[in-house]
Amino acid sequence: MNKHKVVIPIGPQHPALKEPESFSVTLSGEKIMAFSARLGYNHRGIEKACEERTYLQDIYLTERICGICSHTHSTAFVQAVEEIAGIVIPQRASYIRTIIGELERIHSHLLWLGVAAHEVGFDTLLMYTWRDREIVMDILAQVTGNRVNYGCNTIGGVRRDIDPSQIKDMLKAIDALEDRTKYYIDIATKETTLIERLSGVGKLSKKDAVTLGAVGPTGRASAVDRDVRRDDPYAAYDKLKFKVVTDDHCDVYGRALVRVGELMESYKILRQALKDMPEGPLTVKAPRKIPAGEATSRYEAPRGECFHYVKSNGTDKPERVKVRAPTLANVQTVAKMLEDGQLADLPIVIAAIDPCFSCTDRITLIKRDGSRSAKRMTWDELHTYSIDWYRKKGLNFAGLNEKLKKRI
Amino acid sequence: MRALFNIFIFPGFLFLFIFGLSAQFFDRRIYARLQNRQGPPWFQPLADFIKLVSKEEIIPEEANPNMFKAMPVIAITAVVTTITYIPMWSPKALFSFNGDLIVVLYLLTIPTLTFFLGGWYSTSLYSKIGAVRALTQLFAYEVPLLMSILAPALLANTWSLTEMAAFYQAHPGYWLFNILGFAIALVTLLGKLEKVPFDIPEAETEIVAGTFTEYSGRLMALFKLSIDMETVVAASLLAAVYLPFWLCCGPVVGFIGYMLKVLFIIATLSLLRTVFARLRIDQMVSFCWKYLAPLAFMQILFNLAVKGFIIR
Amino acid sequence: MIRPGKMIKQVLGSLFKKPATTEYPFHKKTLDVPARFRGKLKFYPEKCIGCNQCVRDCPSNAIRIRKVADKVFEADIDLGRCIYCAQCVDSCPKKALEATCEFELASIDRDKLKVTFRAKSQDAPVK
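Residue numbers (my numbering), protein chains in the order written: chain A, 6 to 413; chain B, 3 to 314; chain C, 16 to 142.
Chain A on its own, in the form it takes in the complex:
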């Protein structure tokens, strides 16, 4: 029985995955022997598309990299551009960005709680947490105009203001949510079947977490004390007092506790920010043509550290935009977590890193297999190589590019 191995595919289409990604699992009975991941099913060419549009249009494009972390990508991009242009945004704008960012974190963690419950078959918790998530979505719709893809950033500040009646509504909503979150903490720590499914599953020691580069709640549940909001503050975080939640369970249960703890911290941060928000203008005038330069910017997304790199060349379109999403760093840890695991644990372990595969599929993977024909290319060489490759097949995209340039 132990010698008989079976390879089953999880994905790209599978009820356990909310987004397509291909994993192949080698099983012996119910025990997992090997696990390998193959990424790239969500690649949409966003980095290339960013080069064809102006900075102002790119804000909306980067926002749509992901639905749940949309404010993350948009703010990280705008921060990088503002750093190149040397713009300092007004205080009120940085507070508003912080408030929207924390609201997004609340919405994302409540969504994760529901999805994790669904993966272990606890649909009741899914329904209840998603019902309470509606409170946050309504607040966000009231302030920014939409439930996802908020569109409140612009180069040099924010587009929408928060007026006093909305602040009152927000405080009431935070009170209601805090009650509900305390109830969910109670359930997560006291419901027997849930604890049985989540404890001891997906173990990742602190050494492995640091070696494999786990970020966000996945790393913090293994006692890796890193948080971009405290270590490299952006927006208004250097003026706000908050605690970084870590846990040393090192398994899925620890990750659940870290996320629920972060929810409670977010409520505190929101109350502080709403109280301390100064009056003032919302934007600073920003030039259309950003001077040449390059900048990186980091942002603590609900899933971990999100990293943007922007290079400009003096025109009104960027030269290169690179995005490294937190899930890309966390997906490497799944293989380690599933060693000596069971098939029944696979969905919850994958769900515990809070995968957002739409954010992940950005990079090009060059496999160096030791043969002499493999070589390293720079970005421009890759660009010309791809154009020549298609020309040899008889496809010439130059005409299409001209048409596209005329329309823009």
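In case anyone wonders, no lab produced these hints; they're calculated from the structure. Hints are supplied without guarantee of correctness; some may be wrong.
List time: in silico EDC-like cross-link candidates among lysine to aspartate or glutamate, alpha-carbon distance up to 20 Å [unchecked claim]: (1) C:K32 - A:D137; (2) C:K24 - A:D184; (3) A:K208 - B:D284; (4) A:K36 - B:E206; (5) A:K290 - C:D105; (6) A:K290 - C:D72; (7) A:K410 - A:E324; (8) C:K24 - A:D128; (9) A:K411 - C:D72; (10) C:K109 - C:E61.
Label pairs and their calculated CB-CB ranges [said to hold, decoys possible]: (11) A:P14 - C:Y39: 30 to 40 Å; (12) A:P25 - C:R18: 31 to 41 Å; (13) A:F402 - B:T125: 38 to 48 Å; (14) C:K43 - B:R39: 15 to 25 Å; (15) B:P43 - A:P25: 30 to 40 Å; (16) B:E58 - A:P14: 17 to 27 Å; (17) A:A39 - B:T125: 20 to 30 Å; (18) B:V145 - A:A181: 46 to 56 Å; (19) C:E38 - A:N318: 53 to 63 Å.
The model shown is predicted, which means the values in this text are computed figures rather than measured ones. Just so you know, even glycine gets a beta-carbon here, dropped at the ideal spot from N, CA and C.
We have chain A; now place chains B and C onto it with these hints.
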């Protein structure tokens, strides 16, 4: 002639069909209301059945077509046969003989065997894993279930369901000795009907649909119908064994009492389905053998003691 | 205290409360769309000066401004391409565009999604 009427109309196929679909509606509506949402309208299970029947059947190339097609039919046959031995609204079932309790329990394991065989003969990876899990689960819950149904039979000193119902009807109040057995039987019934926390063979997020992955069209409709009918038949069995009152007051009162009892059992199953998460197969087996089997054994010892001291 | 079925009290309480579901589309009044909602665009031809700033800033080329007469402009908006970001509303120096609260814009014909905002008729009576 009467036999044909019994088999096809009442209490055979047609009655179980209507009652099974209504029980599914009742279960889904209560599940939804407990989760603070609305739930489907009354015709939803019928609409699902008609939709499935009208879809195309796809049989995998490597599967054994005869076995593949025969399994749902065998499942329904076994379930419909069982209802003839269970006393529903009078202490007399349609047919009875000494030992029909064992036959009923045996017939109720046949659907699980057909799930296993259907999944095995589908030759798809997900189906095979689901089939093996179904059989493992059978080994876990079958023993506590048998022991807890045995306990009331021991007290009544007979192996026939009809005579058991007559015994309890003659001695009102004796059914209260079997409350522990009732609780154990409800929990193991969740395992037999593959509902959370024991819906491991059909875990949607882990192995797509388990044993039913390759089934579609009419065969899938028949499998789902067999699960609905099995719910009603098993609930009737539990009602006959553990709640044997109101049986001698005429057919109308008996029928209403029967409906109330079965709906109460189905509502309790829905409530249990709502508040638990799904267990892993190894956790389920250890739970059943470590906790349920000893409790069922204690119920048997308790009944033996009662029989020895009180009844003489 | 760790015990199974911890949610049972809340769950039983929900049996007696109204469900949290909104019966859309039968009871639309319970949906209150916020005032800042970015729905379908509305164009005021009399305010437009033809600077084309909205056309330049649109991330998906959804809007086109056409000149039909001297200082009179019309707008063609493709609702299928619009991403409802309202950047054009902010870019316009004369406030000629506005985001309404209309969101039920689905259609089974792609051509019906192309909307044109016509200017008022120009043939005033000549003396």
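Here is what the structure says about each hint:
1. About 15 Å separates the Cα atoms of C:K32 and A:D137, which keeps this hinted pair within 20 Å; it holds.
2. For the hint pairing C:K24 with A:D184, the CA-to-CA distance comes to about 16 Å; that is within 20 Å, so the pair holds.
3. Restraint check for A:K208 and B:D284: satisfied, since their Cα atoms lie roughly 18 Å apart, inside the 20 Å limit.
4. For a cut-off of 20 Å, the pair hint linking A:K36 to B:E206 stands: about 19 Å separates their Cα positions.
5. Pair hint A:K290 plus C:D105 holds up; C-alpha atoms about 14 Å apart against a cutoff of 20 Å.
6. For the suggested pair A:K290 and C:D72, the alpha carbons sit about 16 Å apart, so the restraint of at most 20 Å is met.
7. The hinted pair formed by A:K410 and A:E324 meets the criterion: a straight-line CA distance of about 16 Å does not exceed 20 Å.
8. For a cut-off of 20 Å, the pair hint linking C:K24 to A:D128 stands: about 16 Å separates their Cα positions.
9. Distance restraint check for A:K411 and C:D72: the Cα-Cα separation of roughly 15 Å lies within the 20 Å cut-off, and the hinted pair is therefore satisfied.
10. Under the criterion of a C-alpha separation no larger than 20 Å, the hint pairing C:K109 with C:E61 is consistent with the structure, at around 10 Å.
11. Hint check: A:P14 to C:Y39, Cβ distance near 38 Å, so the stated range 30 to 40 Å holds.
12. In this structure, A:P25 and C:R18 meet the distance hint of 31 to 41 Å, their C-beta atoms being roughly 39 Å apart.
13. The hinted range of 38 to 48 Å is satisfied by A:F402 and B:T125, whose Cβ atoms lie roughly 46 Å apart.
14. Separation of C:K43 from B:R39 is about 19 Å and conforms to the stated range, judged on CB atoms against 15 to 25 Å.
15. The hinted window of 30 to 40 Å between B:P43 and A:P25 holds, with their beta carbons roughly 34 Å apart.
16. Look at B:E58 against A:P14: about 24 Å separates their beta carbons, and that is inside 17 to 27 Å.
17. About 23 Å separates the C-beta atoms of A:A39 and B:T125, a value consistent with the hinted range of 20 to 30 Å.
18. For the pair B:V145 and A:A181, the supplied restraint of 46 to 56 Å holds, since their beta-carbon distance comes to about 48 Å.
19. Taken as a hint, the range 53 to 63 Å holds for the pair C:E38 and A:N318, whose Cβ atoms sit roughly 55 Å apart.
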